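Q: In case you want the letters, here they are:
Protein chains: 2
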Amino acid sequence: MTGLIEPRTLKGFRDYVPEVMIPREQLMETARRVYRRFGYLPIDTPALEYLEILSGKGSDETDRQMYRFEHGGKKIGMRFDLTIPLARFAAQHIGQLGTPFKRYHIAPVWRGENTQAGRYREFVQCDFDTIGTESVVADIETAVVIAELMTEIGVERFQLRMNNRQVLNGLLKKLSLEDRSVAVLRALDKLEKMGPEKVREELQSTGGLSDGQIDEVFALANIKGDTDSVLNQLSEMLKGVEQGIAGVDRLRTITEALLSYGVAAERFHIDVTIARGLDYYTGVVFETTLEELPSIGSVCSGGRYDNLAGLYTKQHLPGIGASLGLDRLIAALDQLGKLPRARSTAQIFVPYFDADRLLDYMRLCRIVRDAGWNVELYPEPKKLGVQLKYADERGFWLALVAGSDELNAGTCQVKNLTNKISTIASWRDDPQPLLAAITDSMAMISGTRLA
Amino acid sequence: MTGLIEPRTLKGFRDYVPEVMIPREQLMETARRVYRRFGYLPIDTPALEYLEILSGKGSDETDRQMYRFEHGGKKIGMRFDLTIPLARFAAQHIGQLGTPFKRYHIAPVWRGENTQAGRYREFVQCDFDTIGTESVVADIETAVVIAELMTEIGVERFQLRMNNRQVLNGLLKKLSLEDRSVAVLRALDKLEKMGPEKVREELQSTGGLSDGQIDEVFALANIKGDTDSVLNQLSEMLKGVEQGIAGVDRLRTITEALLSYGVAAERFHIDVTIARGLDYYTGVVFETTLEELPSIGSVCSGGRYDNLAGLYTKQHLPGIGASLGLDRLIAALDQLGKLPRARSTAQIFVPYFDADRLLDYMRLCRIVRDAGWNVELYPEPKKLGVQLKYADERGFWLALVAGSDELNAGTCQVKNLTNKISTIASWRDDPQPLLAAITDSMAMISGTRLA
Chain X
356 MTGLIEPRTL KGFRDYVPEV MIPREQLMET ARRVYRRFGY LPIDTPALEY
406 LEILSGKGSD ETDRQMYRFE HGGKKIGMRF DLTIPLARFA AQHIGQLGTP
456 FKRYHIAPVW RGENTQAGRY REFVQCDFDT IGTESVVADI ETAVVIAELM
506 TEIGVERFQL RMNNRQVLNG LLKKLSLEDR SVAVLRALDK LEKMGPEKVR
556 EELQSTGGLS DGQIDEVFAL ANIKGDTDSV LNQLSEMLKG VEQGIAGVDR
606 LRTITEALLS YGVAAERFHI DVTIARGLDY YTGVVFETTL EELPSIGSVC
656 SGGRYDNLAG LYTKQHLPGI GASLGLDRLI AALDQLGKLP RARSTAQIFV
706 PYFDADRLLD YMRLCRIVRD AGWNVELYPE PKKLGVQLKY ADERGFWLAL
756 VAGSDELNAG TCQVKNLTNK ISTIASWRDD PQPLLAAITD SMAMISGTRL
806 A
Chain H
356 MTGLIEPRTL KGFRDYVPEV MIPREQLMET ARRVYRRFGY LPIDTPALEY
406 LEILSGKGSD ETDRQMYRFE HGGKKIGMRF DLTIPLARFA AQHIGQLGTP
456 FKRYHIAPVW RGENTQAGRY REFVQCDFDT IGTESVVADI ETAVVIAELM
506 TEIGVERFQL RMNNRQVLNG LLKKLSLEDR SVAVLRALDK LEKMGPEKVR
556 EELQSTGGLS DGQIDEVFAL ANIKGDTDSV LNQLSEMLKG VEQGIAGVDR
606 LRTITEALLS YGVAAERFHI DVTIARGLDY YTGVVFETTL EELPSIGSVC
656 SGGRYDNLAG LYTKQHLPGI GASLGLDRLI AALDQLGKLP RARSTAQIFV
706 PYFDADRLLD YMRLCRIVRD AGWNVELYPE PKKLGVQLKY ADERGFWLAL
756 VAGSDELNAG TCQVKNLTNK ISTIASWRDD PQPLLAAITD SMAMISGTRL
806 A
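Protein sequence lines correspond, in order, to chains X and H. The first sequence maps to residues 356 to 806 in my numbering. The second sequence maps to residues 356 to 806 in my numbering.
Careful: at least some of the hints might be erroneous.
Which copy? The list can't say, so a pair holds if one copy fits it or any two copies do.
[Stated by the list, open to error] EDC-like, lysine to aspartate or glutamate: derived pairs with alpha carbons at most 16 angstroms apart:
(1) K529 with D570
(2) K429 with E361
(3) K528 with E597
Derived from the structure by calculation, the hints contain no laboratory data. Small disclaimer: the values here were computed from a predicted structure and weren't measured.
Based on the provided sequences and hints, a complete structural model is requested.
A: As structure tokens, this is what we get:
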């Protein structure tokens with residue numbers, strides 16, 4: 356070869372080296388474990404869909420960012436979320452699958468977005484949804500799953516922020532502003548960033564709201580405090596507005612159930628400013644922020660919708676779900692120094708020391724693997740120092756070191772790579788002494804390490 | 356909506372409903388478990404690459420089948436295997452990662468191929484490779500991993516077929532036909548399908564081989580039998596040809612080590628007709644077929660290569676690896692009736708029976724989940740018969756049934772959905788009686804069911 360091709364990834368894309376991919380796989384496994392604990396079922400859908408399935412279904416932004424092309428005369432798009440594929444999937448299969456249908460879907464999505472803000476054009480979403488029921492039980496369960504996800508991932512100080520679109524809709528009804536909901540939602544969304552004066556101007560000019568109406572909207576947005584206090588203020592404000600009161604009652608049922616299930620009161624609250632998209636959600640909505648890093652935004656968001664798949668089927672499919680933003684969460688954990696660093700999937704390292712005794716080393720590895728440990732055998736009979744340096748760099752916990760003397764005696768050294776303590780254990784006729792020595796040595800290793 | 360969009364997948368693509376996705380996830384987890392047991396590390400790379408990275412790197416066929424498009428003025432291709440992304444990845448990161456580097460990569464690939472033969476255009480590959488060493492230890496380990504993959508997936512009767520490209524190269528050298536290797540390999544590949552006469556014609560016309568040379572090539576192809584016998588015949592045939600003898604010796608070392616590690620002799624053999632691609636592999640090559648379904652072809656293939664990433668870096672990176680064809684294997688297991696059927700990820704079903712006692716049902720669920728079981732709570736207080744029918748259809752193992760009487764008494768019925776035997780167990784003050792009853796009832800369920 357004269358000219359080499361420069362090895363590089365596309366702008367906005369990235370490789371995952373083992374040090375990042377090991378905890379990433381661990382997080383995906385945690386998500387699957389939590390979803391399965393509640394009976395959610397896995398599905399998968401193609402990365403590519405007919406363009407007509409995808410285009411015009413998200414926002415203007417997702418339309419603009421979609422990767423699209425023609426292949427074999429067909430117009431094709433790459434999925435930019437897992438919700439629209441779920442809607443298409445449900446329209447196609449729900450007759451066979453029946454309802455209620457609870458699914459999870461962990462898969463990459465693609466958005467050709469501006470990469471300046473450290474955003475990536477390929478990222479993994481971990482969605483879970485319950486389709487075909489309007490029951491508050493599904494709302495509660497969604498909140499419980501978010502709380503368990505956070506806890507099991509190791510985020511102790513999360514904030515599950517809840518709202519109900521019915522609350523705002525109730526207020527708009529009270530103010531006879533039902534037709535102005537998009538403008539009001541948009542304004543509420545900007546309130547924190549732009550401040551009340553600018554938002555008031557906008558609500559007057561674009562929304563056509565009176566000062567009195569704006570005062571009431573701002574009063575709603577200003578309701579803060581602990582869960583009971585917020586719910587009571589909302590009940591007061593929405594007195595006589597059936598839809599609004601129903602929305603408040605639902606939030607009350609959910610928060611009571613969360614407490615009863617054992618989610619600590621300080622882990623969730625009602626935040627009336629959360630809207631989560633303008634058109635899609637119709638009931639309860641969720642956001643999840645990290646108390647130690649609120650600036651990264653919500654790492655798990657979702658809500659209730661009236662009709663999932665109306666574009667593809669006449670079957671009415673209400674539901675509720677949320678999406679764990681895996682890659683955003685990993686970035687957050689990394690910033691907080693909470694991402695478990697692991698450079699090895701195996702705990703135990705076996706140096707290939709005496710070149711003539713390969714079969715002995717392999718037998719030793721097998722015995723330890725059969726006992727449930729992950730074991731790496733170095734592939735070349737290099738100097739022991741070189742091999743142990745490799746083991747140190749990769750973060751192995753133990754090395755089983757054996758030269759010809761040990762092999763002849765049917766023993767090996769169990770060398771703890773953290774505290775450097777070694778013991779000798781026999782293994783050939785009976786593996787128990789070795790396995791016991793490994794267990795003892797492992798018990799001395801403190802701190803969180805990846806199994 | 357007046358006009359509905361037809362919900363459908365692209366031709367050659369498919370959805371995975373839970374019944375298929377549950378065992379598919381299980382197989383991927385098995386693969387990850389086996390790879391980690393030997394210290395392979397996970398990586399991931401983007402689905403999209405610069406077209407120049409991908410095009411012209413596989414075969415003419417992969418070039419033709421590649422999904423390619425332009426986005427933001429860049430020529431982009433979708434990966435069609437995980438080997439070329441590994442080469443690009445290694446060229447970019449191996450300095451940081453060091454060698455030997457053992458990685459696994461489980462991810463979808465895309466090929467716009469003819470879909471008539473029941474082939475799909477999107478499928479998952481599970482690759483594992485050891486880079487940066489020429490040691491036979493890596494060859495042995497690759498074979499051991501294939502054998503453990505098959506065993507743990509539940510394929511008892513597999514055939515690991517091995518060859519070494521050095522054997523044929525040795526024979527070609529002996530016959531002074533080194534420059535004709537591509538023609539001879541191609542002919543050998545066709546031997547079984549087309550028969551010796553047609554292949555002889557082709558070797559004469561295209562390859563320019565003499566009848567004597569063709570006889571020797573055919574004699575090689577006809578070497579069959581148990582491992583020792585094949586190795587001895589090959590040694591005889593290649594006597595004095597250093598390269599060929601080295602190739603035979605390497606196969607001997609590998610097969611001896613496999614036996615020593617505990618892989619049964621009837622699970623592997625030497626098959627001198629295996630070539631696995633014309634240009635890429637340079638040493639040992641592997642194929643894995645199912646004795647009960649050889650027609651489906653190899654479900655796990657690979658081999659040794661001299662230089663992985665020569666197109667992207669000057670660093671010489673020899674290595675060996677193999678790829679488990681997950682979706683082909685699933686199709687095979689399905690045909691053999693060996694695919695575990697599961698329609699639920701949870702084992703235990705809790706009907707929502709008494710509408711007023713939601714918090715009690717949730718507490719019951721939590722107790723059982725905390726003990727490690729996956730538990731689904733039905734979201735609506737429908738008639739018990741409707742709920743139990745749902746549980747039966749989804750294949751739950753047990754139902755925990757409680758009406759107001761049971762809830763008042765702090766008990767529930769533990770109903771085995773397989774044998775219909777019910778017992779009453781208490782749980783509110785002390786969960787142990789319930790958990791013991793669940794364990795007892797589970798123990799009565801026979802057969803393989805998914806945890």
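Q: Could you run down the list of hints and mark each one as holding or not?
A: Results for each hint:
1. K529 with D570: Answer is within; shortest intra-copy Cα gap is 13 angstroms, inter-copy 95 angstroms.
2. K429 with E361: between (32 angstroms within a copy, 15 angstroms between copies)
3. K528 with E597: Result: close within a single copy only, 10 angstroms intra versus 90 angstroms inter.
Every hint from the earlier list agrees with this structure, and none is contradicted.
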